Amino acid sequence: RAAAARAEASWPRLVVAAVAAFVGRLGGTDEAILSLPVAGRTGDRARRTPCTMANILPLRVPVTASTSLLDLTRTTDTEIAALLDHQSLRGEQLRRELGWPSGDRWHFGPYVNVMPKAGETLSFGGHRSVVRDLSSRRVEEFGVLVSGAPEGQDMEITFEANSALYDRPWLRSALQAFLRFLTRTTADPSQPVGAVPWLDAAERAHVLDRWNATEGPAAPAADTVPKLLARHLAWSSDAVAVTDGERTVTYAELDRESGRLAAYLAHEGVARGDRVAVVMERSVDLIVALLAVWRAGAAFVPVDVEYPAERVAFLLADSRPTAVLCAEAHRDAIPAVHEARLVVLDDPRVCAAVAGCRADGPGVWVGGGDVAYVMYTSGSSGVPKGVVVAHGAVAGLVGGSGWSVGAGDAVLMHAPHAFDVSLFEVWVPLVAGGRVVVAGAGVVDAGGVRSAVGVGVSVVHVTAGVFRVLAEEFPGCFAGLREVLTGGDVVPAGAVARVRGACPGVAVRHLYGPTEITLCATTHHLGPEAQAGRTLPIGRPLADRQVYVLDTTLQPVPAGVVGELYIAGTGLAYGYLGRPGLSAGRFVACPFGDGLGAGRRMYRTGDLVRWTANGDLLFVGRADEQVKVRGFRVEPGEIEAVLAGHDAVGQAVVVARQDGQGAEKRLIGYVVPDGGGRDVDADSLRAYVAERLPEYMV
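For reference, each letter of the sequence shown is one residue, going 6 to 703 in this note's numbering.
A couple of the hints might just be wrong.
[As the list claims (entries may be wrong)] The calculated lysine to aspartate or glutamate pairs, modelled on EDC-like cross-linking and capped at a C-alpha distance of 16 Å, are:
no., residue 1, residue 2
1, K232, D138
2, K670, E700
3, K122, D159
4, K122, D138
5, K232, D365
6, K122, D82
[What the hints assert, rightly or not] Pairwise CB distance ranges, derived in the manner of DEER restraints:
no., residue 1, residue 2, range
7, S93, G538, 42 to 52 Å
8, K122, R671, 50 to 60 Å
9, Q656, R354, 22 to 32 Å
No lab work stands behind these hints, which were simulated from the structure alone.
None of these values were measured; they are calculated from a predicted model.
By construction, the Cβ of each residue, glycine as well, lies at the ideal position given by its N, Cα and C atoms.
Produce the complete structure using the sequences and hints provided.
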């Protein structure tokens, strides 16, 4: 009431303003749309008529982090006054004009209702009345009920929610957060609402420290994958390391072949710190080549052989490799690269030269800080961006104790090596002393999974889209596996339930993480006996990662509140190759983690998430236009730039559509002709884009 007096407004109006500020912060938006009950009595006749005329209308309140509660209360007061001028407009009529189905939605957003307390005595025209609460408590989504006497000193605040959308722990957490927010903003209503912390000291420590205190050591940051592999040679040299259906190599053979190729590359001018492009199909030879590049001291640049020529040319020009490795079958598809040596690995002369090199490699020292690879992802500016990742990040990922892959396991490699999940499929089993089974060409379907099980594969990763399709059509195809990993997009809980119902002995692990954090930052493991909830979490951080859910002012938020996910730790990439401005915008200073080292950075993911009450993360959506298609990150701006480059196109817009919950996303392009009179048809545009972008972006 004191704060309302400073704002020269009634206390109910201040409460509405506070709810608007809180809802805006909850959603991370610059405005709040509330459902506000109004009397609906706009004339003397209406005021004298004894019937229900109450109405519900939308109240739009602009909210920014720099706005104070005083200013926001005045703004809200003005907006409500304007809204009351239209209170005779029935909500039903407005919903019809908005095209909402009849009875589908009654509210325009969270409602806020200020009313007298139940049991309060009121006076109407000299007559006493008592307030009785006869509400059915049917709540469509979420609402705030404030009860108080006009002149009293106390009030009651109740949060109500649809139990199908919000659980009781979330509601309790949100109410506590609002009460704290209201207390702090009314104590100093002139401060910016964005500066008000969500958490007290104990809650802050719980969210920042306890929920990041994951169990299990990570591999030392100074390690590299070649060093980790070398430790297995003493006891598993004769064990099978990799097989692809055509040939099989043991750990000892993998060591010798990669050592000879590394020595050959060093002889050809590849040195520590260089980059080597690898344009190959998945095979034993591919894995030998990747390991050889590392042992030569260089970083590999993976290039998918299925990429169109224009994209291959861009990646090679942008990464400026010292050498390009390929097979004879793809020699003609590789454009000339200035000062880059083309090494055709199955050329007889190259094979003979490699065979004559020393098997223990060139002896180049490589540390955890050296660059391991540069992997390209879709770029919003219209061109791909190369993510630069260090050896220590890769070793920390694959050598950590969080994986359930052991020496007796075989893991299927079917992802392109230009897709970061291949890091798991190849290096996790090899570092654990297991076996890599390389899949043939094409995508993995139910038959492919069964075939993999038939040759002893125990662990398979499939993208969220493939997992959903297989769970819908062939949930029993995973029988015989010990664990299925999935991720790259939202994984429907129903799909997990179908797979576990058909294959009770199979565990499911959900992975989450962008390329910039070295494959994944969090994981959620569901063992055969674990209970799955309505929504599958993206889980908790790996041992060498820290995750922070922050609002727009980088304040940590409590459980249940949506914020943007930031990730720190040893898996963090250096940045984007040759893009310092872009790197500075996404890799920012980390203000958390005392004792973890000065100068730490964190990666701004652009993903919106929220904590559950027990410390798991739930994915909510994106803060920008980026989408996931079949597990691949796609920036619509990159496709728009290609479409706009067509001679007959003046403007282009690309959006992602999803036909039903859990369905695969589709990319849809809209174009405006340039006005030159030339015809634009979908087939020619699709062919034009296919010459320049990967298939999953077409």
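Hint check:
no. : hint                     : result
1   : K232 to D138             : violated (71 Å)
2   : K670 to E700             : holds (14 Å)
3   : K122 to D159             : holds (10 Å)
4   : K122 to D138             : holds (9 Å)
5   : K232 to D365             : holds (13 Å)
6   : K122 to D82              : violated (23 Å)
7   : S93 to G538: 42 to 52 Å  : holds (45 Å)
8   : K122 to R671: 50 to 60 Å : holds (52 Å)
9   : Q656 to R354: 22 to 32 Å : violated (52 Å)
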